[in-house]
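Trainee: Given the sequences, and given the hints that come with them, work out the whole structure.
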Amino acid sequence: MEIIEKTLVGRGLKTAWLDGGKRGANILCFLHGFPDDAKVWLPLMQHFASDFRVIAPMIRGAGKSVSCRGLHRFTPDAIALDVLQILRQVDPSAKKNIILVGHDLGGILAWHIARLIEDRLRALVIINSADLIQVWRRKSMPRQILKSWYVFIMWLPLIPNILWRVAPHLLANIGYTSGGLPQEFTAAKRNTAILHQSMKQYRAFALEFLRKRLWRQTAALKVPVLAIHGKKDAFLLPATLAEFAGLALNIQLRVIDGNHWLQLEQTKKIYQLIETFLKDHKVAA
Amino acid sequence: MNSDTHMNSSIEVGFRKAQRLAYDAVECVATEIREGWTEFQATDLVKTYLQDFGVRAFFHEPFAWFGDRTRFDGVKTYADFSPTYRRFTHDTVGLLDVAPIVNGFVGDIGYSFCKSPSKEFMQAMGELQKLRRLLPTLMNEASLASTGGSAVWKLIDEKIREDGYDNIHRIYPFSVLGHRVRRLPFAALALRSPVPFSWHAVLSILLKGIYPDLLGPSHHGSLKGLWAIEPHLGGDGFGVKFEEILVVDDKGARWLDDNVPHARQEFAVSSRRMRAG
Amino acid sequence: MRLFSPDDDVALSLALKKQKKLAWNLEKSILWKRGIDFSKPLVPLDEFNIMFPGPISPAQKLVISQFMGLLMAATFSETEKALGRLRTEAWESLMQNSATHPEIIQLGEQFFAEEDKHSRAFDRYIDLFAKGLGVDSAVLRSLLPSVNSGWIESRLRRNAEKGGLILWWIVATVEEESTMIFRQMIPFRKVLDPLYYELHKRHFEEEARHMPYAFMILDMCLDRGPFCYQSRMSLDFMRSEWLKMIWLAMELGKTLRVRQLKEIHPFFAELSALLGNFKMRHIPVILYRFLRRTPYISPFINAQYHEQLSQHLKTYHCPRLPLPSPQPDPIGW
Chain A
1 MEIIEKTLVG
11 RGLKTAWLDG
21 GKRGANILCF
31 LHGFPDDAKV
41 WLPLMQHFAS
51 DFRVIAPMIR
61 GAGKSVSCRG
71 LHRFTPDAIA
81 LDVLQILRQV
91 DPSAKKNIIL
101 VGHDLGGILA
111 WHIARLIEDR
121 LRALVIINSA
131 DLIQVWRRKS
141 MPRQILKSWY
151 VFIMWLPLIP
161 NILWRVAPHL
171 LANIGYTSGG
181 LPQEFTAAKR
191 NTAILHQSMK
201 QYRAFALEFL
211 RKRLWRQTAA
221 LKVPVLAIHG
231 KKDAFLLPAT
241 LAEFAGLALN
251 IQLRVIDGNH
261 WLQLEQTKKI
271 YQLIETFLKD
281 HKVAA
Chain B
1 MNSDTHMNSS
11 IEVGFRKAQR
21 LAYDAVECVA
31 TEIREGWTEF
41 QATDLVKTYL
51 QDFGVRAFFH
61 EPFAWFGDRT
71 RFDGVKTYAD
81 FSPTYRRFTH
91 DTVGLLDVAP
101 IVNGFVGDIG
111 YSFCKSPSKE
121 FMQAMGELQK
131 LRRLLPTLMN
141 EASLASTGGS
151 AVWKLIDEKI
161 REDGYDNIHR
171 IYPFSVLGHR
181 VRRLPFAALA
191 LRSPVPFSWH
201 AVLSILLKGI
211 YPDLLGPSHH
221 GSLKGLWAIE
231 PHLGGDGFGV
241 KFEEILVVDD
251 KGARWLDDNV
261 PHARQEFAVS
271 SRRMRAG
Chain C
1 MRLFSPDDDV
11 ALSLALKKQK
21 KLAWNLEKSI
31 LWKRGIDFSK
41 PLVPLDEFNI
51 MFPGPISPAQ
61 KLVISQFMGL
71 LMAATFSETE
81 KALGRLRTEA
91 WESLMQNSAT
101 HPEIIQLGEQ
111 FFAEEDKHSR
121 AFDRYIDLFA
131 KGLGVDSAVL
141 RSLLPSVNSG
151 WIESRLRRNA
161 EKGGLILWWI
171 VATVEEESTM
181 IFRQMIPFRK
191 VLDPLYYELH
201 KRHFEEEARH
211 MPYAFMILDM
221 CLDRGPFCYQ
231 SRMSLDFMRS
241 EWLKMIWLAM
251 ELGKTLRVRQ
261 LKEIHPFFAE
271 LSALLGNFKM
281 RHIPVILYRF
291 LRRTPYISPF
301 INAQYHEQLS
311 QHLKTYHCPR
321 LPLPSPQPDP
331 IGW
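Going down the list, the protein sequences come from chains A, B and C.
Here this note's numbering is used: the first residue of the first sequence is 1, the next is one more, and so on.
Here this note's numbering is used: the first residue of the second sequence is 1, the next is one more, and so on.
Here this note's numbering is used: the first residue of the third sequence is 1, the next is one more, and so on.
No lab work stands behind these hints: they were computed from the structure.
Fair warning: this is a prediction, and the values are worked out from it, not measured in the lab.
Don't take each hint at face value.
[Stated by the list, open to error] Using 25 Å as the maximum straight-line C-alpha spacing, the simulated PhoX-like pairs for lysine-lysine come out as follows: (1) C:LYS162 to A:LYS139; (2) C:LYS21 to A:LYS279; (3) A:LYS147 to A:LYS231; (4) C:LYS20 to A:LYS282; (5) A:LYS96 to A:LYS6; (6) B:LYS251 to B:LYS224; (7) A:LYS95 to B:LYS115; (8) A:LYS232 to A:LYS39; (9) B:LYS119 to A:LYS14; (10) A:LYS96 to B:LYS224; (11) A:LYS95 to B:LYS119; (12) A:LYS39 to A:LYS64; (13) A:LYS64 to A:LYS14; (14) C:LYS20 to A:LYS279; (15) A:LYS268 to C:LYS81.
[As the list claims (entries may be wrong)] A short list of chain A residues far from chain B (calculated; beta carbon distances all over 10 Å): (16) GLN46; (17) ALA49; (18) VAL90; (19) ARG137; (20) LYS232; (21) ALA234.
Idealized CB from N, CA, C, for every residue including glycine.
Mentor: So this is what it looks like as structure tokens:
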């Protein structure tokens, strides 16, 4: 089934997304992470396209989603508004049910957006990611702090930009190789502009978390949540059920033998896990 | 000529732009708002929307009130106006109020909405529309007669109560029906203050004095200038308001912009509303 | 033995389905109404009667065998009951704090349900035996091992609360031991008490299916934990062996109470008389026999030489106690 890139102008900036699948069906919305764009979801989207309407927003700075100066368009709220506007475009009546799938930073966004569309949400799938509260809970885990070394660099104001201008391919390859991205996908990943712009998400997410999220109570999600982790993920320790306390009432956790980009490394396996999960929870297309 | 009495069209353009932006923000968020949203979530997104358009400072931070909080039930202190964890439901009335500063121009607006509007809600909105039609006339007459805003306030208060509603703007600080808006200095500075009103607002009030700028029951003095008028009615378990800028100058009184949400749709004008009990 | 991999959700799901499908029913799957044949032994014994020197009559041999069988039944029942009491500390918190598939949790639920069933089955046998002797069950149980919320259990609980693995090493030992015991019983099934044999057979069936669970829990903890955790946990096997030995010594000592019961029934009288024979051995000899030569007991004390346990100890570089391997005397009847 054909999946094409579409755009809209949302709040003054062009925002793009991949769109395809079965018209009129419920929506599977895929949120990519860093340093990816929505094309990282194409193999999985193809699997689901026969049953669902599949969309994958290009997060600000990726693909044709135009970037901008400053951090304000990279906060979870700003990206959430972009995604809500895309969903409004795809489903103007806002009647279709939604299943969110997020990977990496896209997982953080998926948690955030899930709380905004919970009445339409039928399931949440998180791949190699964690909610910001989970990340905060890991602050006393030395192994996680070591794995997140790159995040501390991203938080610095000028240095990551300088580093990226000096050696973008080298840094990107370090990330891809350590994350276990299959070789056949690394060659396609040469768009350094993505990396430079997407980095802003790290600062924006951290600032918004400290300003708002840390001090707010959040009700646990009632929708079923599937969290899939790669055992050998170089950037994240696999989650534990205890970590989800207060975040979700119905959580299924799966740790499989794999790296960070599970949706590319083991597309079929991830598809089967998601499909079984949706069937078990009677989430129809 | 005094800048207060002669409306520079570029100033009107500036205020209109700020007001439209503010309404765009609340309309967008009100469209997206769903069952389960807290007031915090609504105000966060209103603020984000405005910041996406370059707004860095606010005359006051966004407010969101759901359910009986739209008529300020239970509101006792200033802090009670701030957003809470109250959740929106599909039959709840919601109210969004925000005042972004855009290049020094304040777009202080208020917007009422309901996803499944009841007859009572529609009637109350009709009442607001009636007031909207009436207010320019009343302000113009008061301006010409130099009676000050207190007469307007009292007439509006009487009208609201006659039609069977509660006057909720009585509960506002100083019971204001509206307040003057001016172009603010230091607009580029996004100064945070410990209260939902910005330092710009505080500074503005201090420079110009409090009372001449507030359209309350004891207002005296000139009515010429721009006013953010915000009539607020209370029905059974809900409240509705609008807030937009009224221009009073030598040409008379008129709304700055007729392209506002509560003016676009015609609500049924209610006959005298019978209050329960 | 084919172990479960904690990462293989497909295999775990299949194992779970199989276990649920084949699980036996306590009431319907065992022919309780056949009763106990008191003329038959419960377990085959070593041919040389190493613990009891001097000539032993067939009646005495029968009593020893039956008492040995009851000791085993009580050991299984009590350790399985203790496991259930320590479920929250040893398992539920582990599931919460580990990255795990839901099948692992479901298999665990099944595991605990089956262990509880086994415990009740063995208890029921002991009660039937007491009834057959015409004595109160409590009287018989006063001679048998128990894990009664005492020092041992509190030690296990404290260790489990800190994320320790002593209990799981003990469970793994008992699991592997129970399957070994049944295999030893098979050639003698025609001479053994049919009810006791059937009980062990049923026990063996489920143990064989769910034994990999204990080893899988050990794998999950030892494989995924940080180095410092692994180092700490690797010592837990030795601690489990110590605890087991202390417990066994304390509980076997209860047998001496049989002297106070000799008037109640000839069974106890016979057993009491045999103690005299037992005391003819020197203590070092007794210890040596227990550690190396006694069927059922030596392998239980010295579990580090069990096949799967040994493999695990090697994989995770767990230190072992400096004990020679058990070489129990051949059994027969």
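Trainee: Given the hinted pair LYS95 (chain A) and LYS119 (chain B), is their alpha-carbon gap at most 25 Å?
Mentor: Since the Cα atoms of LYS95 (chain A) and LYS119 (chain B) sit roughly 24 Å apart, the hinted pair holds (cutoff 25 Å).
Trainee: If I take the minimum Cβ distance from GLN46 (chain A) to any residue of chain B, is it greater than 10 Å?
Mentor: Given a closest Cβ separation of 30 Å, the condition holds.
Trainee: Is the Cα-Cα distance between LYS20 (chain C) and LYS279 (chain A) 25 Å or less?
Mentor: 21 Å, holds
Trainee: Regarding the pair LYS119 (chain B) and LYS14 (chain A), is the alpha-carbon distance no greater than 25 Å?
Mentor: 40 Å, violated
Trainee: Could you grab the alpha-carbon distance between LYS96 (chain A) and LYS6 (chain A) and see if it respects the 25 Å cut-off?
Mentor: 19 Å, holds
Trainee: For the pair supplied as a hint, LYS21 (chain C) and LYS279 (chain A), confirm whether the alpha-carbon distance does not exceed 25 Å.
Mentor: 22 Å, holds
Trainee: For the pair supplied as a hint, LYS96 (chain A) and LYS224 (chain B), is the alpha-carbon distance within the 25 Å limit?
Mentor: 51 Å, violated
Trainee: ARG137 (chain A) clear of chain B by more than 10 Å, beta carbon to beta carbon?
Mentor: 21 Å, holds
Trainee: Between the alpha carbons of LYS64 (chain A) and LYS14 (chain A), is the straight-line distance 25 Å or under?
Mentor: 7 Å, holds
Trainee: Quick one, are LYS162 (chain C) and LYS139 (chain A) close enough, alpha carbons at most 25 Å?
Mentor: Holds - the C-alpha atoms of LYS139 (chain A) and LYS162 (chain C) are around 20 Å apart, at most 25 Å.
Trainee: Take a quick look at whether LYS232 (chain A) and LYS39 (chain A) sit within 25 Å of each other, Cα to Cα.
Mentor: 23 Å, holds
Trainee: Against the 25 Å threshold, does the CA-CA distance of LYS147 (chain A) and LYS231 (chain A) hold or violate the hint?
Mentor: 13 Å, holds
Against the hints set out earlier in the document, violations occur for numbers 9, 10 and 15.
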